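Mind docking chain B on chain A? Use the hints.
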Amino acid sequence: MKLPIYMDYHATTPVDPRVLEAMLPYFTQEFGNPASRNHAFGWAAEKAVEQARQQVADLIGATAKEVVFTSCATEADNLALKGGAAMYAEKGNHIVTCVTEHKAVLDPCHQLEKQGFRVTYMPVQKDGLIDLDELRAAITPKTILISIMTANNEIGVIQPVASVGAIAKEHGILFHTDAVQAVGKIPFDVNEVKVDLVSMSGHKIYGPKGVGALYVRRRNPRVLLAEQISGGGHERGIRSGTLNVPGIVGLGTAAELCRTEMIEESARLRRLRDRLNEKLHQSLDGMYVNGSMEHRLPHSLNVSFAYVEGESLLMGINDVAVSSGSACTSASLEPSYVLKALGAGDELAHSSIRFGLGRWTTEEEVDYVADKVAAVVRRLREMSPLYELMKEGVEL
Amino acid sequence: MYSPKVIDHFQNPRNVGSLPKDDPHVGTGLVGAPECGDVMKLQIRINPETGVIDEAKFKTFGCGSAIASSSLVTEWLKGRTLDQALAITNSDIADELQLPPVKIHCSVLAEDAIKAAIADYHRKREAKVAAAS
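As given, the protein sequences belong to chains A and B, one line each in that order. By the numbering used here, the letter at position 247 of the first sequence is numbered 548, and the numbering carries on one by one without gaps. By the numbering used here, the letter at position 22 of the second sequence is numbered 30, and the numbering carries on one by one without gaps.
Treat the hints loosely; a few may be bogus.
[Stated by the list, open to error] Below, a list of computed lysine to aspartate or glutamate pairs in the DMTMM-like style, where the Cα atoms sit at most 25 Å apart:
#	chain 1	residue 1	chain 2	residue 2
1	A	641	A	351
2	A	427	B	43
3	B	13	A	666
4	B	13	A	683
5	B	29	B	16
6	B	65	A	689
7	A	383	A	428
8	B	132	A	689
9	B	65	B	100
10	B	29	A	693
11	A	404	B	119
12	B	123	A	689
13	A	392	A	528
14	A	366	A	351
15	B	65	A	683
16	B	65	B	119
17	A	641	A	428
18	B	65	A	693
19	A	510	A	317
20	B	29	A	620
21	A	673	B	16
22	A	580	A	665
23	A	470	A	391
24	A	692	B	31
25	B	123	A	683
26	A	641	B	63
27	A	692	B	57
28	A	692	B	91
29	A	427	A	683
30	B	29	A	689
31	B	86	A	432
32	A	692	B	43
33	A	692	B	134
34	B	132	A	693
35	B	65	B	30
36	B	86	A	689
37	A	427	A	665
Rather than coming from a laboratory, the hints here were simulated on the basis of the structure. Keep in mind the model is a prediction, meaning the values are calculated, not measured.
Only chain A is shown next, with the shape it has when bound in the complex (with noise of 0.2 Å):
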């Protein structure tokens, strides 16, 4: 077993050596540009893009017409949320989303506010997950737009997509839906969500950075946007820029894997992911699991260990790779606003770890990080006036 071991999968993913292999030739012997409709180069490119739009829209049941490709899954998220707002503003100015999202997602919304849109922050439930009826609620005759997404980031908890894209259907309005952690991880039908804009990202699923992809229907209804970056109309008018050929490659072929993988591999991340689980659980009390273990991606696990600073602890198993909510982790000092909003309280957030598995995730190294991760939580909890106060009875 290699050291330090990779434990942040949400965080990025490695490229899988399959994808850089498709990729590679794109660099330097297919370098052409795909808008060159006169010659050779340019056509080889362009069919290398088709074939990667295709990919990416057979795993999530699209038509290759409806993938649009980005520089990443924040610029699909502002592409949807700004070109569809300015899009429908005649229709109205409300746009409905909930406050676990991604920032890629609540900045634009806040940005559109000061544009004199009107946005609902729906909150989230104790299990991160929203309340069906609540969004109902939240839904007005100007309501242009509802933007949930599929997975969070943090929590790994799944929304209940397929309800929305149901209500958003019957009240005739947008729905988006930033799905960079479910994509590829876990079965998404587009048709069966009912979804009108749906965002993914390269490196997410064993693809390179700096790509994305938007998708955008084109039936039922037929969804504008209006442009956000202008130069040359690639991409349908929707995204200008010369496509990034080597990574878009690189998307199509980690698609192609995610789909054709997608079961066993998630069987086989649960199983692990579960073991992780419960061998914390079984060598530790006041371990608390974020977020619905039901509604949950195969490979996630966030979990909060009390009387035990974040921080702290990733200093303590230094050695694993992994995230906490912390506020000592985050450049803004204030704890994961995901954990918050479950209401747990900031202390279990300033207490919490992501722990996310991937495609080379052994047993070995959960066995590894579990006993880690129980010595060092034991050790600063020794070191803990909390802890201590807690075993004299002292309520905190």
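Using the frame of chain A, we list chain B on its own:
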């Protein structure tokens, strides 16, 4: 991001533990708040004959630099009089541990813990004097 000194205090913390808080010669300072992610308990025992701190213990819930700050302070406190202890400032701690700017509050908390422990010691003494008179 951390200096070797912080890492050393974090990996090998000095003087972790507790002193009997009802001992009249012990002062206990408990500062910080769990919801802010930092709680320090610092205890000192004062030799009644010499007025010098002869024992210091800490327990800290917090990040690596909070643990290191409190560990360092327990080393510094031993052998000092209360006036000398009060002279320790947060910048002394931050300088010694080379804390990055975002971690200065950890050294402030350690200074607060010293002051709180000494105040607790004085409070006990005054209560004892009041009870005797």
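Consistency of the hints with the structure:
1. The straight-line distance between the Cα atoms of residue 641 of chain A and residue 351 of chain A is roughly 43 Å, outside the 25 Å bound, and the hint therefore fails.
2. As the CA atoms of residue 427 of chain A and residue 43 of chain B are separated by approximately 18 Å, the hinted pair is consistent with the 25 Å bound.
3. A C-alpha spacing of about 30 Å is found between residue 13 of chain B and residue 666 of chain A, which places the hinted pair above 25 Å, so the restraint is violated.
4. As the CA atoms of residue 13 of chain B and residue 683 of chain A are separated by approximately 21 Å, the hinted pair is consistent with the 25 Å bound.
5. Among the hinted pairs, residue 29 of chain B with residue 16 of chain B is inconsistent with the structure: their alpha-carbon atoms are about 28 Å apart, more than 25 Å.
6. Note on residue 65 of chain B and residue 689 of chain A: the hinted pairing holds, with a Cα-Cα distance of about 14 Å set against a maximum of 25 Å.
7. Of the pairs offered as hints, the one joining residue 383 of chain A and residue 428 of chain A is violated, with about 30 Å between alpha carbons and a cut-off of 25 Å exceeded.
8. Taking the CA atoms of residue 132 of chain B and residue 689 of chain A, the gap is near 22 Å; set against the 25 Å cutoff, the hint holds.
9. Taking the CA atoms of residue 65 of chain B and residue 100 of chain B, the gap is about 19 Å. The hint holds against a cut of 25 Å.
10. As the CA atoms of residue 29 of chain B and residue 693 of chain A are separated by approximately 13 Å, the hinted pair is consistent with the 25 Å bound.
11. Of the pairs offered as hints, the one joining residue 404 of chain A and residue 119 of chain B is violated, with about 36 Å between alpha carbons and a cut-off of 25 Å exceeded.
12. Pair hint residue 123 of chain B plus residue 689 of chain A holds up; C-alpha atoms about 22 Å apart against a cutoff of 25 Å.
13. Distance check on the hinted pair: residue 392 of chain A and residue 528 of chain A sit about 18 Å apart at the alpha-carbon level, within 25 Å; holds.
14. Between residue 366 of chain A and residue 351 of chain A, the direct Cα distance comes to roughly 9 Å. Compliance with the 25 Å bound is thereby established for this hinted pair.
15. For the suggested pair residue 65 of chain B and residue 683 of chain A, the alpha carbons sit about 13 Å apart, so the restraint of at most 25 Å is met.
16. Under the criterion of a C-alpha separation no larger than 25 Å, the hint pairing residue 65 of chain B with residue 119 of chain B is consistent with the structure, at around 14 Å.
17. With a C-alpha separation of about 12 Å, the suggested pairing of residue 641 of chain A with residue 428 of chain A holds against the 25 Å cut-off.
18. The suggested pairing of residue 65 of chain B with residue 693 of chain A holds, with an alpha-carbon distance near 18 Å, which does not exceed 25 Å.
19. Under the criterion of a C-alpha separation no larger than 25 Å, the hint pairing residue 510 of chain A with residue 317 of chain A is consistent with the structure, at around 12 Å.
20. With a C-alpha separation of about 38 Å, the suggested pair residue 29 of chain B and residue 620 of chain A falls outside the 25 Å cut-off, and the hint is violated.
21. Restraint check for residue 673 of chain A and residue 16 of chain B: satisfied, since their Cα atoms lie roughly 19 Å apart, inside the 25 Å limit.
22. At roughly 13 Å between alpha-carbon atoms, residue 580 of chain A and residue 665 of chain A fall within 25 Å of each other, so this suggested pair holds.
23. Note on residue 470 of chain A and residue 391 of chain A: the hinted pairing holds, with a Cα-Cα distance of about 19 Å set against a maximum of 25 Å.
24. In summary, the hint linking residue 692 of chain A to residue 31 of chain B is supported, as the alpha carbons are separated by about 20 Å, within the 25 Å threshold.
25. Proximity of residue 123 of chain B to residue 683 of chain A is assessed by CA-CA distance (about 24 Å); at most 25 Å being required, the pair is judged to hold.
26. Distance hint between residue 641 of chain A and residue 63 of chain B is unfulfilled; the C-alpha atoms sit about 39 Å from each other, more than 25 Å.
27. At most 25 Å may separate the alpha-carbon atoms for a hinted pair to count; residue 692 of chain A and residue 57 of chain B exceed this at roughly 34 Å.
28. For the suggested pair residue 692 of chain A and residue 91 of chain B, the alpha carbons sit about 34 Å apart, so the restraint of at most 25 Å is broken.
29. Restraint check for residue 427 of chain A and residue 683 of chain A: the C-alpha separation of about 30 Å exceeds 25 Å, so the hint is violated.
30. For a cut-off of 25 Å, the pair hint linking residue 29 of chain B to residue 689 of chain A stands: about 13 Å separates their Cα positions.
31. The straight-line distance between the Cα atoms of residue 86 of chain B and residue 432 of chain A is roughly 57 Å, outside the 25 Å bound, and the hint therefore fails.
32. Pair hint residue 692 of chain A plus residue 43 of chain B holds up; C-alpha atoms about 19 Å apart against a cutoff of 25 Å.
33. For the proposed pair residue 692 of chain A and residue 134 of chain B, the alpha carbon gap of about 30 Å is over 25 Å, so the pair is violated.
34. Restraint check for residue 132 of chain B and residue 693 of chain A: satisfied, since their Cα atoms lie roughly 22 Å apart, inside the 25 Å limit.
35. Taken as a hint, the residue 65 of chain B and residue 30 of chain B pair is honoured in the structure, with Cα atoms around 15 Å apart against an allowance of 25 Å.
36. A threshold of 25 Å between alpha carbons decides the hint, and for residue 86 of chain B with residue 689 of chain A the separation of about 23 Å falls inside it, so the pair holds.
37. With a C-alpha separation of about 33 Å, the suggested pairing of residue 427 of chain A with residue 665 of chain A is violated against the 25 Å cut-off.
The structure shown violates the earlier hints numbered 1, 3, 5, 7, 11, 20, 26, 27, 28, 29, 31, 33, 37.
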